[in-house]
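Engineer: Heads up: the sequence lines are chains P and U, in that order. Counting along the first sequence from 1, when you hit position 158 you're at 158 in this note's numbering, and nothing is skipped either side. Counting along the second sequence from 1, when you hit position 85 you're at 85 in this note's numbering, and nothing is skipped either side.
The hints are simulated quantities; they were obtained by calculation from the structure and are not laboratory data. Glycine included, C-beta positions come from ideal geometry on N, C-alpha and C. No false leads were slipped in.
The calculated PhoX-like cross-link candidates involving lysine-lysine, where the alpha carbons are at most 25 Å apart (straight line), are: (1) P:Lys300 with U:Lys236; (2) P:Lys251 with U:Lys236; (3) P:Lys312 with P:Lys300.
Sample of chain P residues lacking proximity to chain U, with all beta carbon distances greater than 12 Å (derived): (4) Asn78; (5) Ser163; (6) Ile166; (7) Thr324.
Letter by letter, the chains look like this.
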Amino acid sequence: MRKPSAAGRAIALVFAVAGLACAQPAAAPPDRAGNRGGPNRGAPAQNFDAVEIQTLPAQGRVTMLVGAGGNITVQAGNDGILIVDTEYPQLSGKILAAIRKISDKPLHYIINTHYHGDHTAGNENLRKAGNTITGGNVQGDLGAEASEGAAVIAHNNVLERMSGAIGGQPATPQGTWPTDTFVGEEKKMWFNNEGIEIIHIPNAHTDGDSIVFFRKSDVISTGDLFVTTTYPIIDVAAGGTINGYLDGLQKIVDLIIPVYGQEGGTLVIPGHGRLCDLGDVLNYREMTTIIRDRIQDMIKKGMTLEQVKAAKPTFDYDPLYGTTTGFWTTDRFVEAVYQTLKK
Amino acid sequence: MDTVHRTKFAILPLLLLGTMVGVPARAQINLSGVWQNQLDEDFPDRLAGPELGDYAGLPINAADRLRGETWDASLITLPEYQCRVHPSDYAPSFADFRMWEEYDRETQNLVAIHMHHFAWATERTIWMDGRPHPPDYALHTAMGFSTGKWEGDILTVTTDHFKEGWVRRNGLARSDRAVVTEHFIRHDNQLTWVTVVNDPVYLTEPLYRSRDYVLGLAGQIAPYPCESVEEIIRPKEAIPHHLPGTNTFNKEYQERHGIPVEAAMGGAETMYPEYRSKLVGAGVQPK
Ligand SMILES: [Zn+2]
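Okay, chain U solo, but in the shape it has when bound (with noise of 0.2 Å):
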């Protein structure tokens, strides 16, 4: 072989490596590592837990208020109910969470990206590869079926197949025939996680939320083991709850933070700003 020909043998490796380096990635930015929650909004009912009674700024209708003014929190105090896990739209709440992608190898083509969420220790799978979401009579779960596409750099989430949740932890139900769209926004090393529930149940409006997260270089997740125990002996099926109009305890909220019925009692109106005209000189006085 002469050393013209070699030179071309030898350029045809070269210029297909380039390609090959050169491919756009089809995910248009990388969300894998462990994101650190920080709960600088909405801490209380972020950590600390809600309030009982307090459905302000939510957009629930009036059966879920009533849903929420008979829930006993004793429920969560029965063995099956104990390890109930956060559904995945409620878990950005608080904790950090581990997220990474998984690739066919042939292709290298994005076929899932993954979370593990500390609480309870959830594992969810975004399905990438452009699969359809499964028939009305196929199983629902806590995390539901997520189905992601990027567009630009954001990550957005269709979920559905959804166990009944929780709009706030509170007593307040979202139904398992919501809808949640989620979108993943990556600013360097900050993460926006934003969270739109729309629920045909409870939901008279849309619900959102945002929360906040950075990546931790040496973050780790610690393992979250749930094992049920009989906390308070009682009859096997009985199940906690308030009557209507019983429940003493869901105004403490309105009467400590001196808000009145109305804005406690939450409803599409009191999200907006201008809500806050009509409370003037509405309030109850703190004690």
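Isolated chain P (complex conformation) (with noise of 0.2 Å):
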């Protein structure tokens, strides 16, 4: 990949800065383990005291929990609970609680979708609560150890960031880091006598993005690959571009099968937002389309960034998804889609 350019350098010190939450343009950012008191010291404190977890079940063993970072996937059956994302850390009790309304089985796996903070910053306290399915060798050279802990599951490039090992930013806890990544195209498991599916779309919202397909409940789990709050949010500093995203949102919509015309069959949790189901995703994809159109024409006209901007090529959406205040601003999208169409 190219070095940033300057204006990559500035997206990134966004997303530092705003401690790698995203889509949170109405509060205040929390650092990357979700305090709000670290680097963005004197910026008010969210409550996370007011926060209530709202439990709405998707379908067959998938439950979506609502909170104040990004949803919480849960799928509960026999074999014990599988969650994806974590929130923060101030609101694993609540998020426990909420679970334990679901199930009273133990917690076995979590899957990451990316490494922002407002996805994975409740990992450690979350993973603590559950424990890993050992046994045979493993259980005999490990001991118990091996069996502490649900199991964190992720794409490699997570734990590469989560560790700072790649992109330049101090790592997160230890504690938070996944324990079970993978590379490559997908990662297939079968977890509560369904085919779990943890598909790997590169380049994306980030460099390492999954979304997790629930074969027999028929609920895809997307992470930040699609939100109903916000234009696409693209970390170009983590390797996201618009073109990669794209690919994401056709991917959702390849998976889907709904019942008739855009509705019912495949349903849909997104990494921020409203459960939703084919028709969403394709409202989406047409936009983002459409605006990646509008700026990549711009860009062969050989139009300057300022110039893209002072064009409006997100206007007739701006009422929808635009703003100019907090964390991911209308400029901040169209900065990341002219950049990466420009490398």
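Take the two lone chains, each set in its own frame, and fit them into one complex as the hints suggest.
Structural biologist: Okay, structure coming up:
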């Protein structure tokens, strides 16, 4: 990958200062561990006490939890519990209480869709509340330690970024790191009597994104490869690109089989926002493609970033997703699209 | 038992029966049946479909105007768009529908009113049991989530949780944040269905539409199968649309009918009769 441009570094700084929390346009950004007082001292702290964890059954074995960070997906059955993403550590107690209302079985697996703190900062607390399925040689060689805590599964780039190995940012506490990583296109697993596909989408929201497809429940948990609250968030410094993001949306569309027209069938839990199905993803893909095409055309005409911004390529979607305040402003989105198309 | 007592016991069931028959219906008027669409009003908009670039009389904002200008009708040749249903606030524009009531067996309380529309065989439920609307993180649908109440003989329905739909099916979007109020007004065998669209994203004022129906005593609704096919071979991720400023089709309507650009481009002002006086001498000549 090319070295980031000056604008790329500016975006990197934004993600760093914002503590890698995405889609929090109105709230003060937390630091990378989710605390509101680290790199961003002086910003009003988010009142986690006031946050309630809402529970919405999706379908099959899958439930969606809505709190203050990214949405959490819970899959529960006879084998135990698997969750996708973990929000903030301050909310772990409430999240566990919400999970316990769904099932009293042990938490065995945590899957991280990507490395951002609003999806992973709660890893350590929730991991400790669970345990890893072990036995045979593994148990014999490592003893009880082998089963301590739930397994945290993610694409290898998530570990690389959280441990500070790449990205040039300080490591997060080791207890939050993935314990079980994969490289390549996908990792498959069988849990609670259904096949689960963890599908890596390269260079989209970041360079370590995965979507999680519960094949029998027929639910896709997308992480921030699809949100309903803002324009697509592209962490350019962490390898995100607009075209990768669109590939991710296309992959989600390809996996969905609706009942009729654009509705029902496969359900989609976005990184932030409401429960969705095909129609919502199509509208979002349509918007993202149209804006990409407009900016691509402007680049072809030789327009500078400032000229592109002045031409308002997002004008017709701004009442839906645009904002001039908070973390992911319209300008930052346009900058990210422009930069990654120029590469 | 003597005669007097027998008489008393005989009267009790009669009284009970009388009470039961005389219970005032909680539903003020019965809307059940097949209602047949009357195409007297706004015919082109309702059956043939609106012309490209005809936004007249719609309270759209500039953002929605750009949605319309950059919309390419070829979008609906994409397989995943071919069977997209008409949302419940646009379905009244044409075709017949069936309405029926659902009662709780024990209490005979009206639980819901159901509707089946011919177009894409869409079905919706209007909840009449006072239940709340779902939280904002619940699924949105083309039909939306509807609750109803009786205002005299008028059924008034509030619907939210919409998928994105359209203000007019020539590219003008209606957002997923819209809230729609409907009034079903029955006069004997005539029904007026009034739709009021409030869209904080793309409309500057509420959009009112009224549609008329006649009760069809022998009315039947035909099935509406829809199967997507590959109509045009194109790159998988291509989305047809016009780049801003490049859509030449949008001027055809103005030119064909001799309508000034500002009027054709719509906006709240163009909804009101006074706007006509502004147009005197401003028109382009029809070809
Ligand atoms: Zn993120």
